[in-house]
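Sequence lines, in order, name chains A and B. Counting from 1, one number per residue, gives the positions in the first sequence under this note's numbering. Counting from 775, one number per residue, gives the positions in the second sequence under this note's numbering.
Fair warning: there could be bad hints in the mix.
[To be verified] Taking lysine to any residue and the SDA-like style, the derived pairs with C-alpha atoms no more than 25 Å apart in a straight line are:
no. : chain 1 : residue 1 : chain 2 : residue 2
1   : A       : Lys650    : B       : Gln904
2   : A       : Lys311    : A       : Val194
3   : B       : Lys817    : A       : Phe294
4   : B       : Lys817    : A       : Ser697
5   : A       : Lys185    : A       : Thr619
6   : A       : Lys403    : A       : Gly437
7   : A       : Lys689    : A       : Ala359
8   : B       : Lys776    : B       : His789
9   : A       : Lys650    : B       : Glu905
10  : A       : Lys650    : B       : Thr902
11  : A       : Lys439    : B       : Gln904
12  : A       : Lys578    : A       : Glu564
[Stated by the list, open to error] Selected chain B positions facing chain A (in silico; Cβ < 8 Å):
no. : residue
13  : Thr798
14  : Thr861
15  : Ile888
FYI, nobody ran anything at the bench for these hints, they're computed from the structure. Backbone N, C-alpha and C fix where the C-beta goes; we use that ideal spot for every residue, glycine too.
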Amino acid sequence: MSRYTAKQLPPTNLPELRQIGKPLRRVDAMGKAVGSTVYAGDFSLPLMLHAKVFRSTQSSALIKRLDVSNARAMAGVVCVLTAADVPNAKLVSDMPGQTGQKQRTGSDVPVLASDRVRFYGEPIALIAAETLDIAERAMRMIDIEYEPLPGVYDPLEAMKPGAPILHPPDNVVARWKIRKGDLEKGFAEANHVVENTFRMRYQEHAYLEPEAGVAWIDERGVITIRVSTQVIEHFRSIARAVGVPQNRIRIQGTMVGGGFGGKEDVTVEIYLALLAKHTNRPVRLVYTREESIFGHSKRHPYVIRHRTGVKTNGRITAAEIEVVSDSGAYPYLSPYVLLYTLVMSTGPYRVDNLHVDAATIATNNPYTSAFRGFGGPQACFAYEQQMDAIAERLGMDPLEVRKVNYVRTGDTTATGQPIESAAWLEETATRSMEALGGKTPERGPIKVGQGFSSYFQSYGRIMWLHDTSQAWVGVELDGTVTVRAGVPELGAGQANSLCQIAAEVLGVPLDRVSIYCTDSAITPLSGTSTATRQLYMSGNATLMAATNVRKVLLEHASKTLAAEIENLDMAEGRAFVKSDPSRFIDLPDLAKGCAAEGSHLASLAMFKAPFKDPIDPETGQGPVFPDFTFGSYAVEVAVDTETGQITVLKAAACHDIGRAINRAAVEGQIAGGGMQGLGYALMEDLIVKDGVIQTPSLSEYLIPTCKDFPTTTVIILESGTGVGPFGAKGIGEPSLTPAAPAVASAVADAIGIRIHELPLTPERVLAAIDGAKK
Amino acid sequence: MKPEVITMNINGRAHHIALEPNVTLLTTLRDLGYTDVKCGCEKGDCGACAILLRLPGADSAEAVNSCLVLTWQADGADITTVAGLGTAEQPHPLHSAFADTGAIQCGYCSPGLIIAAKALLDRNPHPTEQEIREAIEGNLCRCTGYGHIIDAIRTAADKMSSGKGGAR
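One chain only, chain B, in its complex shape (with noise of 0.2 Å):
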């Protein structure tokens, strides 16, 4: 099949890109410059490349493995990537109770993981442990033994309930 122009918003700016049929959203974002992206297994097994996707149409983003999604099913999306969110300057609460509670080892799964704990704080912002436990459940983690996660995301949350972390 030839190349199709697909547009996207990705972290707020606008992409327009030609692209055959069987690129993963994952590739495209890399090849875009989004290396915040991480790949891990290109399979759907460890969750680091997970991303916030809008489809055209849907109310809310999800978080979704983007390298089990295809470019083109993407078109016209909004996409959210863990940079998206804040920068080291002016953080989401999420990124820095990640950095603040020892969640972060070697930070590679972590971009994957704030964009699941997004996810999970958008629909349920006072979540139980046992519910982080499931919203995460599909990233892996090989350093922190997940404890110091789980609590990051339980102390954003506390954060931006409490409307003291500039939540956006």
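Isolated chain A (complex conformation) (with noise of 0.2 Å):
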């Protein structure tokens, strides 16, 4: 399914590669395999309570009565919990894992509503019970009167004055600008002006393992939530909320059943620490399919304005760009998502004149936050459209128009960052539509096109985060390695890319490599399994803590085998000399010669991103990440113009990911996230109405199953100019960004209309097609 294309890489400060890139059983595959990987609901413990959390059935309400006497008194019934009786329980909602000092007001989620909610869903009331059973019956048994507030569902009607206030003094949650160039100028020069207005609706992460956990107060009084997270660091806000120091919150992270950001924020940790803390017993919570999905955020609705000025050999003279999205009842993360999009705004296009305007709004709807993109593929959903809608106003081929605009390595990003690493945009663009071949013939009203896309995607957190990562290697007696690290795994081999890395520098088979990962108290913190990141910043803390043991083992080999250590390299669980590998020691025998001297043969490391300070206000001018990713997507699809039902045919992906580490891993990410991307497109359509979805369930809520498209065919280029281990760049969340606008694009290739609103489904296809005869 996949080509596999090595450039020249850079060289690297090992003489050679052995174990690096190539597609080598994960560390965690046969456990998962053979079912014995136990998930954060798998696990059980002597007189555990079960819990439930009670939510509301209001959109927009005033609680006006709250009685849970009834349900307190039911035998089996062990806790409940209401807003009086945790009144200073209070989620900090902001970027995860931080230290704290980066706070915005008025920002907080009360872990139980009070006296008012604001979305259908809304936690008000916690209940741990013998069994499961009976906490189910328990809810039945909680009184509750609302008093209905009118609600607001549309973020642009939220703007409006006299619109209800969510949150005072008003509905707008965060904005973010970009003043840059001279925009009169830019469009005084320009011989056309294009405009267009895009619209992206909900998804949902559909993660196969709801959420999970089971708390516990250990012996020590520590408060332990063994939980399926993307973010162990919430240990800090969860003790805030539960009213404890820091140090009594213990975070064991589970292997993750699928995050792709819905497990990025806090999710049952709370509910588990306060039952624990308020029964003194283990207690296990369990969403529900229903609960998981009007428990957690979704992808963003957004609504994007480009109005482009260019001239006639296609070059953007200026650029106006508009930005409202729906931040839902509370704000999560949804000021940084909004930046992203901000940044991505352009896509990897040049424009030097150009206004941004971007504002994220509070509704009544469900909350999102962070999903796969973090706001980038809506931004690219636009862009990529709206390029295409320029080539045809200027009849010039698709890709022509995009070379003339395409970024280059030292052009800057919309905010001014200068590019650094490699921009392989044409050359993506090139290979993936060239992997679909020639058109697959029409039949009758089936029409085909293909289209593509190109896309640029940050990887590591927003510099003034100040991020860093630590990890802990080791080698043991028997010279199998160790690694320590906090770095949740989430699928994608974040953990089994430290184990792979540790392996090449120490030149031991990754089958002797063993690491200990996810837990707050005793796993160094390596940051969140978010933002592209892990194999950035744990992958570089691994490499430098690797390379520290190295080199105690090769001075130690150095002496014993008297070779200079520049001609000494290890492989195969031993040291040699280059020039003669007949000569060698065993690591085993290297370790423990090591050890006789008391050479220290672990080290931990930390890797520090770049700090910058925020951009400016005013002007949104200034570097933003560390680095970007770039590729491209293309895809033939048929459109039945009798039913509107578009099937894709064909699909193809280009990334430039740096280098691979695990080609494998790699090739999956850039399917399973097209993959998601082809769903974003076609068939997810969570529909809300007046703030309640009517989805609550994977038979109405669609994700694509194996038959519903073809297999990506993946093509991986490596110009190893990332900022990652041997210069790696990142891959996960840029892989779903590009598939939604190659489909579009696709789609108006077949039937000579663009369609400007996700998803494309059946009945929007054919209203546009009538729209267009009349």
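Take the two lone chains, each set in its own frame, and fit them into one complex as the hints suggest.
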């Protein structure tokens, strides 16, 4: 399924790479295959209680009366908590995993609603009972009376004077803007002005594993929470919400059964901690699928308007972009998602004269937060459709108009940040389109089209968050290697990559490396598995730590083998003389020799991303991200013009990922992210009416099965210019970003009509065809 | 209704358990400690809880979503979960193929997929890609895009039919 293209990569400080890039069996794979991996909801403890969350059935209302006495009185019910029992329980809604100095004001989320509910599904009470059945029955014994309040369900309505206000003083949760160059001059130079508005709706993460966790109080009084999470550093905000010191909350992260951003915010942790604290017993809370869909964030709906001035030769002279997103009832990460959209609003194109105005707005809809791509996919859907619209207006080929405007290394982004790594846009676009091959013949009402899109997407966190990651690497006396890192493993191979890096540097087979990960108390904190940052951050930290250990080993080997360190290498569990490999020392002997001398065979290293100041709030100018990934995605579709049904016939993705650490894992990210992008484009339709999700199951909210779309052809390019280990970039989020606009582009190629709204359902396609006839 | 004692053979172990009629086989298996059977939706939409079920008198086992079976209906049945196919030390060829081809990312859908694949290969040792897709259509995976999973099932089929995989 893949074509693997290795370019000339820059030299590393290792003489030869033997394991980096290989599709080795991941360290977590076999346990998952045979079912021995114990996920968060699989774990139980003696005398464990079972929890449920009682939630609002109103989108906007006052709570006039809440009576839990009947529920409390039920046999088998051990604890019922309401806001009155935990009056100070607030979740600081901000970028997770930070040191705490970056909070916004007014954004705290009450853990339990007290007098007012702002969205359907907002938690109101917690129940712990001897059995799940009793807890479920106790839910029905809670008496609640609401007084409905006017709600607002459209962000554009919510911006108008007189709209119901969710959090005073107004519904504007955050704004960002860019003022760059001379907009008037830019438009004056334009021969054409192209203006379009694009609309994108919700996307649900739909990870196979619903939110789950177990909490207990250990023998030291530490509230320990074994939970499926992308962020173990939440222990800090959990401690604050529960009212205990930070060193009294321990997060033991489990293998995550899919995250995609949906387990980036706190999920069940605080409920579990409060119930464990109040009952002094172990408590388990596992969401049902329906509760998962009502209970966690969604990808933001957006409205993006582009007004672009272009010259006849296709060169963009000016752009004015307006962005509005629906933040839902609480901010969570909406301001930051919006910032990503701002940075990527122009796409990978040079725009010297630019105004961007972006706002994220509170409504009584389900709250929105992180989802793979983090505001990038919405930006991409808009800017790529706009580029195609420009090409149409000018009568130019879509690739030609892009070639005139593509950024190159050394050019700057919309916020004025220079791009320092390779920006292989034309190459990825050409290769992805080539991979589609010739167009499939059309049959009667079935029209066939091909299209592509290009994108750029950051990897690594916003630089003014001052991101760091730590990793520990040690060699045992039998020559095996241990890695310790707080990294949450979401399934992308975050933990395996660290093992593969350590294996490479220390010259041992991957199956001789073991990792302990994701424990806030006993593994060094590696930061969040979000923002496509783990390989970049923790990969570099692991590379540093392993390199330190390698140095100790080689110094000892140099003495033992009487050879210069420069003439030594490590592979297959031994250190050897490069010029005469028959002279070697096995790693166990080397390790024992080092131990006998008292040499330190372990290293704890911290990698720091570049630290920068925030962008200028008036101009939006300044560096934001450590680096960017570039690529393209191409699809061929068949459109049934009688039914509106779109069938994807072929899909191909080409990304420059810098360097592959595990090729199979990279292919999996690209193919899997692409599939989520195709779902976003064509079928994933979360219907929300007056704030209430109408599709709270996987038979109503449809995600792709293996029969919905073909397997993506994956083309991996390696420029070696990334800031990750061995020149790697990031691919977790970028893999999804370009899929939806490529589909829209292919549809336009097939039927000659450009649809500006996602998802491209048969109804929307038919309406567009009918509209074009009129 | 009163609890009744249900007898089941799970991965070669005999169980006798008293249960009320409204308990699903998924809940029973997980409560007994067979947590390799995953719970994804409890509605038959996702396939994560698939197991092999051979009812008394039946010739062969079928892959079923255990959330759609009441435990009372499985009285006297033979049940195989993904852990019953092999271990990390002695894996089934499907286990090895899934682990080696990148078919496993988060792993939450893997037990159900491996069971669906086992049922397919039992009745059709040489499936085409289309037949593989039809066999696993009821198993949702949100991570992989399915390509590596289809590769893995093909790889396992080849190994098992060439007799090198130690198929059981």
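Each hint, compared with the structure:
1. A/Lys650 - B/Gln904: Judged against 25 Å, a Cα distance of about 16 Å means the pair holds.
2. A/Lys311 - A/Val194: holds (11 Å)
3. B/Lys817 - A/Phe294: With a Cα-Cα distance of about 17 Å, the restraint between B/Lys817 and A/Phe294 holds, given a limit of 25 Å.
4. B/Lys817 - A/Ser697: It holds: about 9 Å lies between the C-alpha atoms, which stays within 25 Å.
5. A/Lys185 - A/Thr619: holds (17 Å)
6. A/Lys403 - A/Gly437: Status holds; Cα separation ~21 Å.
7. A/Lys689 - A/Ala359: Status holds; Cα separation ~23 Å.
8. B/Lys776 - B/His789: Holds - the C-alpha atoms of B/His789 and B/Lys776 are around 19 Å apart, at most 25 Å.
9. A/Lys650 - B/Glu905: Roughly 19 Å separates the two Cα atoms, so the pair holds.
10. A/Lys650 - B/Thr902: holds (19 Å)
11. A/Lys439 - B/Gln904: holds (22 Å)
12. A/Lys578 - A/Glu564: holds (10 Å)
13. Thr798: violated (12 Å)
14. Thr861: Where the cut-off is 8 Å and the nearest Cβ of chain A is about 6 Å from B/Thr861, the hint holds.
15. Ile888: holds (7 Å)
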